[in-house]
Amino acid sequence: MVSRSLCQEVLSRAMSTGADFAEIFCQNTAVHAVSLVSKKVDSISDSTICGAGIRVFKGLRSVTASTVDMSRAGLLRCAASAAAALGEGNEQREINLRERILPNPHGTAVVPGSAGNGPRTYLVRKAAEAAYAVSPGIVQVRAGLGDWDRRILVANSEGLYARDRQIRTRLFCTAIAEKNGETQSGSANVGRLMGLEIFDQYDPAEIGRQAAEQAVVMASAGYCPAGVMPVAIGNGFGGVIFHEACGHSLEASSVAIGMSEFSGKLGQVIANEKVTAIDDGTIPGAWGSITMDDEGTPSRKNVLIEKGVLKGYMIDRMGSRRMGMEPTGSARREDYTYTTTSRMTNTYIAAGEDRAEDIIASMDLGLYAKSMGGGSVNPATGQFNFAVSEGYIVRNGRICEPVRGASLVGRGSEVIMKIDMVSSDLELGAGNCGSSSGSVPVNVGQPLIRVSSITVGGR
Amino acid sequence: MDFELFKKAAVDEAQKLGLTEYELYCETMADRTAEGFGHELRSFSDSTTGGVSFRCSVDGHLGSAATQDMTEAAARQLVRQAVENGRFLESDDKAVFAPAGGAYAPCPERTVPAPDTADLVKTVLSCQEALYAADPLTRDGCESSVTAFERTVAIVNSNGVDLSQKVSGCMAFAVSVLQQGEELEDNYEIASGPLAEMDIRALAKKAAAGARAKLGADVASTGTCPVVFSPKAMRSLLGVYFSVFSADNARKGMSRLMDKEGQVIAAETVTLVDDPFYKDAAFPCAFDGEGSPTYTKNIIEKGVLKTLLFDLKTAAALGRTTTGNGARRGYDSPVAIMPTNLYLAPGTLTEDELLEKAGNGVYIDFLGGLHAGADPISGDFSLQSGGFVIENGKKTRPVKSFTVAGNFYDLLKNVAALSDKVDMPASGSSISIGSPAVLLEAMSIAGK
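If you're matching them up, the sequences are chains E and V in order.
Start counting the first sequence at 1; every next residue gets the next number (the working numbering).
Start counting the second sequence at 460; every next residue gets the next number (the working numbering).
Calculated directly from the structure, the hints in this document are not laboratory data.
Among these hints, one or two may not hold up.
Claimed, not checked - Straight-line alpha carbon distances no greater than 20 Å define the calculated DMTMM-like cross-link-like pairs of lysine to aspartate or glutamate that follow:
| id | chain 1 | residue 1 | chain 2 | residue 2 |
| --- | --- | --- | --- | --- |
| 1 | E | K40 | V | D518 |
| 2 | E | K126 | V | E549 |
| 3 | V | K872 | E | E182 |
| 4 | V | K719 | E | E178 |
| 5 | V | K907 | E | D364 |
| 6 | V | K719 | E | E182 |
| 7 | V | K711 | E | E182 |
| 8 | E | K274 | E | E427 |
| 9 | V | K719 | V | E760 |
| 10 | V | K772 | V | D518 |
| 11 | V | K765 | V | E720 |
| 12 | E | K265 | V | E641 |
| 13 | V | K711 | E | E129 |
| 14 | V | K711 | E | E178 |
| 15 | V | K581 | E | E88 |
| 16 | E | K265 | V | D599 |
| 17 | E | K179 | V | D869 |
| 18 | E | K39 | V | E549 |
| 19 | E | K179 | V | D718 |
| 20 | V | K761 | V | D718 |
| 21 | E | K265 | V | E642 |
| 22 | V | K466 | E | D69 |
| 23 | V | K872 | V | E760 |
| 24 | E | K40 | V | E549 |
| 25 | V | K738 | V | D879 |
| 26 | V | K907 | E | E414 |
| 27 | E | K40 | V | E543 |
| 28 | E | K39 | V | D552 |
| 29 | E | K126 | E | E213 |
| 30 | E | K40 | V | D552 |
| 31 | E | K179 | E | E213 |
| 32 | E | K58 | V | E499 |
| 33 | E | K39 | V | D551 |
| 34 | E | K40 | V | D551 |
Said to hold, decoys possible - Listing some non-contacts, in silico: residues in chain E with all C-beta distances to chain V over 10 Å:
| id | residue |
| --- | --- |
| 35 | Y132 |
| 36 | D364 |
| 37 | I399 |
Don't be surprised by glycine CBs; every beta carbon is placed ideally from N, CA and C.
Chain V extracted, bound-state conformation:
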């Protein structure tokens, strides 16, 4: 894909049409993945994809279009289509593009040497062997994959912004499947980093230990009790509800947080941070999807909502400045307000002390069906769960096939304590989410 030639044709067409404000965003992704199954390599895939989006101001409205066709003819068509789309817009929002000369923070380098195909295959086969060796109850069905990826983004606009970034890395994914009598349990774990530094055996052991702990689970009892969300469970909940901190959602009535900045919206234990350069994040970036500088900020500080998140358009509409949170989930996704990397700041208790504080309740390690069971607008959730019973301050029997129900806004106010360690694992997505374990005073459980 030759972005330079494409860019030249698009800019030429834009000028021909008399456009004065426009932007090109280009993203490329290359992935190589080896998948293991049984004791063999099941499949290998090698994918190169990407595309370009063009946005422009058409009488103040934001016209846009995207394509994967990198020919010169496609570049010209892309510009004409964006103009055509802009002509039909009625929103009061004005098209705004990032000014040149922004204060971009130095971005930590995240590139690793690209491994050979043979090394990817060797690693995935050793992962399979480690899964089988990890537990005598292991049965066929275990699978693993090892991926080497490279992602580049580039953004240029008519104000003179010209930015690019490249990130590369490796990820490993292992699923352990154990069988005891008729009962089957599985568990997956993820690791990331340079291939040579990955501890594949530890990954497989962790996957198997997680599956082993779930065996023999009973259905939890219906009732209201203290609940500890594991970092994994809390991360999945934050993954749905970060949308409530978008100023765009707030002004459109899709979040309850409009005009709540400066007010207490959570327990004093809660500090929620947006940090583009968090040390464990997979995709640190000094600029957002519109080319605005990114920076670290507390969204909630000791229970007080310090700021909502803004992109250029919403900031202009509300008389604010962008917080560098205009994100793109892909070359053809519209700019939407999202955190860069989001984490709940740690508390002071160890996880054991947190369980002790809970006394008797439920430890929830798995939440399922979040796309349906968690309503981002009302904040209500009712979710399939799995985890352990907490008895006398200790995790004991596994439980499954029950639900936990509540409301995210209430939950923020009911955080009694957090553990002292934030867990932010690898994520294939450009947003990484982290959390410690979180103790909530009372949640509704539905089971037997």
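Chain E on its own, in the form it takes in the complex:
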């Protein structure tokens, strides 16, 4: 992508005004997306994203510069602009880069780009057809397949020169069901850090069916009642509750500057003893996995909370400087134009020992949130929200009628104390997380859990 010798030259130029650290991040990503609407291939798009981001540090100050111009002159100009914004001077720094090669546990068998449009449209069609087959009430189906072939290079003034290639594939389906003139949608997706071999494990038709079944159920649902009640949250993407209520508040971007509910609480009990939470970027082939992060730090498994006790944070290089703690392989950016910061990878609540049926049976009147949408949080105040995409009322320990239009709100530090039952059926679900360094692929996950009481927004 960019040679070792050119990187040395660029880093040296970037450090010419007194920086104590310099880094160059180069990227070339091929994005391909196919979508079907109403059983017909509606759009196919290709996009090549390529450019470089250069960053220099001096103490706790940082300067970043980015460019699409990957020529020698373009990169040197970009380095000079970063250096000029940091200070003045004309120091000559010798940089010696050595290539580091990490074993990559996420091998790709079928690179999507090599398959062409034929096999990709076939897969999407399978999902869409299966969705229509579920019910005559399905009036519209949108299905799509996206794949990303992301090649990155990170070199820095500490001598690192490392490359990585991340190939991701994701299939989604949204189905719309109509009943009595009202429409409701359902959706499902599968995403992995894999090529098209992902479909040896997952039948695209299953994704279509799941989306359609959800739409059909929700089309006959009444509105969710409002109030404070116990809630059982389903496994897989239900883990978005931990992601919003707690995960973001354990990122160095808010912790390091004292703007998180959990700043300075290492070793303290912050969650119910049933809660053990982990961020693990090393899970082979998982959607949120990375071999190395976007600062070149190898990915690793980070225990965040163990039996309710806060054990660790997710830390990038600048966070590490502020906090005096080592980076955790958590530095990520959507692309070279964003400034890297601490982010999640695959974050989940570990399996517990409660039985799923006991969780439902324990509730006199509450909500079973089988499937979740996304959410958001303000880490400073801990106030979070997330949406229920498929919910059911639980009465006298039994799952009853479906309800729609529910959301859950609360304060992170209070809610994780109230996770008082955790079952063993751990699953992960793929999503995209948006924050200051852009949108990055992450998994959330959990087994079925119970929150003893939370505000349910309905009507």
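Starting from the structure of chain E, add chain V where the hints point.
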């Protein structure tokens, strides 16, 4: 980036492949941002990015591809890839490109002198000082940023359309953080305009006053009551639901408004306007992402749906004409139907009179989690909210950690009154949204 050389190679390749209808769209963005934290400059960033998209007719289908690689080889590859993609399309929609000779309105100039890096830094540091000075409860964590941006778009097609536009400006963003005992509250505000004309102290004061007003908030009570959405809250709701006015979404069953033109869909108080040249808009433009002329129109007029929004493809499919709403959110985004700048026309009451009319209820100033809690297809929403209790026609105690739930289509019909001032603040996006405060007769609140 040399667009001219790239264009020449792409057109040459297109002609070699026998293409007769095609289009090139190029966008460049340059941003410089200074960020302040504590009493210091935390970071500075300087970013130049952009790219090109190529679209062409392949047996009537619309092939497309995009790239940031500006080499000649990439230009040729881009054209070949677009053709390859077009070959697999099955949609009945025909590829249509804007004809030359459109009636383009004169576009107001929006460029400002590019500030020096030193001026950006000085401004952000003075913003930090102003944040700390604004309130004795201010604590560390306050941050601010000042950005100077420049954006250019150019579009050329085989019909002879050849358009370009450049917009530049500055934006400032300030976050105040206050602490009272254990309780923390934050609030952000945005300002825009030429750097020299920005009132940074007023921005910081406004941010701090907003955070101060939120301190001591209680959870709202569950029930149904009159609700006033602040301009900020109403804008965020419109930001999700403008998609229902897209004729493409309507014909695909993703909006309820198909065949509703000419019918009453909202209260008589409601007039919704799409205005590419609105005076407070950050990115006025005389042409849309396909090169069609843009113009001002009422989408809803006194409760009646006057028109849906169209791009070329949807207009051709439905036997209509484009409304100049074929938008691109970036060089590599497909053309999608969106408003240019959207605002709810003002009513006649002052905000105080609006509160008086509400009597007892809730004033909602913040809505969160819109990407998940507001369903653009069914219109249902259930959203995290923050605001104030309205008692005897006056805003009193702050409330938070509650939700407001409803349905956008119902909401349009239940607008009892609007305040007399439209607020359309700066936006980093090419779409600006404006609204006055809006009174709704009855909404569901879930809290304690």
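Against the structure, the hints come out as follows:
1. E:K40 to V:D518: At roughly 16 Å apart (the allowed maximum being 20 Å), V:D518 and E:K40 satisfy the hint.
2. E:K126 to V:E549: holds (15 Å)
3. V:K872 to E:E182: holds (17 Å)
4. V:K719 to E:E178: holds (18 Å)
5. V:K907 to E:D364: holds (19 Å)
6. V:K719 to E:E182: holds (15 Å)
7. V:K711 to E:E182: The given pair, whose Cα atoms are some 14 Å apart, holds under the 20 Å limit.
8. E:K274 to E:E427: holds (17 Å)
9. V:K719 to V:E760: With Cα atoms ~13 Å apart, V:K719 and V:E760 stay inside 20 Å; holds.
10. V:K772 to V:D518: Distance of about 15 Å is within 20 Å: holds.
11. V:K765 to V:E720: holds (6 Å)
12. E:K265 to V:E641: It holds: about 15 Å lies between the C-alpha atoms, which stays within 20 Å.
13. V:K711 to E:E129: holds (17 Å)
14. V:K711 to E:E178: Status holds; Cα separation ~13 Å.
15. V:K581 to E:E88: With a Cα-Cα distance of about 17 Å, the restraint between V:K581 and E:E88 holds, given a limit of 20 Å.
16. E:K265 to V:D599: Judged against 20 Å, a Cα distance of about 18 Å means the pair holds.
17. E:K179 to V:D869: holds (17 Å)
18. E:K39 to V:E549: Roughly 9 Å separates the two Cα atoms, so the pair holds.
19. E:K179 to V:D718: Roughly 18 Å separates the two Cα atoms, so the pair holds.
20. V:K761 to V:D718: Within the cut-off at roughly 18 Å; holds.
21. E:K265 to V:E642: It holds: about 17 Å lies between the C-alpha atoms, which stays within 20 Å.
22. V:K466 to E:D69: Given pair V:K466, E:D69 holds - Cα atoms ~17 Å apart, limit 20 Å.
23. V:K872 to V:E760: Given that 20 Å is the threshold and the Cα spacing comes to 13 Å, the pair holds.
24. E:K40 to V:E549: holds (5 Å)
25. V:K738 to V:D879: Holds, at about 17 Å.
26. V:K907 to E:E414: holds (15 Å)
27. E:K40 to V:E543: holds (17 Å)
28. E:K39 to V:D552: holds (14 Å)
29. E:K126 to E:E213: holds (16 Å)
30. E:K40 to V:D552: Answer holds: E:K40 to V:D552 is near 11 Å, not above 20 Å.
31. E:K179 to E:E213: holds (14 Å)
32. E:K58 to V:E499: Status holds; Cα separation ~13 Å.
33. E:K39 to V:D551: This hinted pair holds, its Cα atoms lying about 11 Å apart.
34. E:K40 to V:D551: Distance of about 8 Å is within 20 Å: holds.
35. Y132: holds (13 Å)
36. D364: Non-interface label on E:D364 holds, nearest chain V Cβ at 19 Å vs cutoff 10 Å.
37. I399: Nearest chain V Cβ is 21 Å from E:I399, so the label holds.
Hint compliance for this structure: every hint is met.
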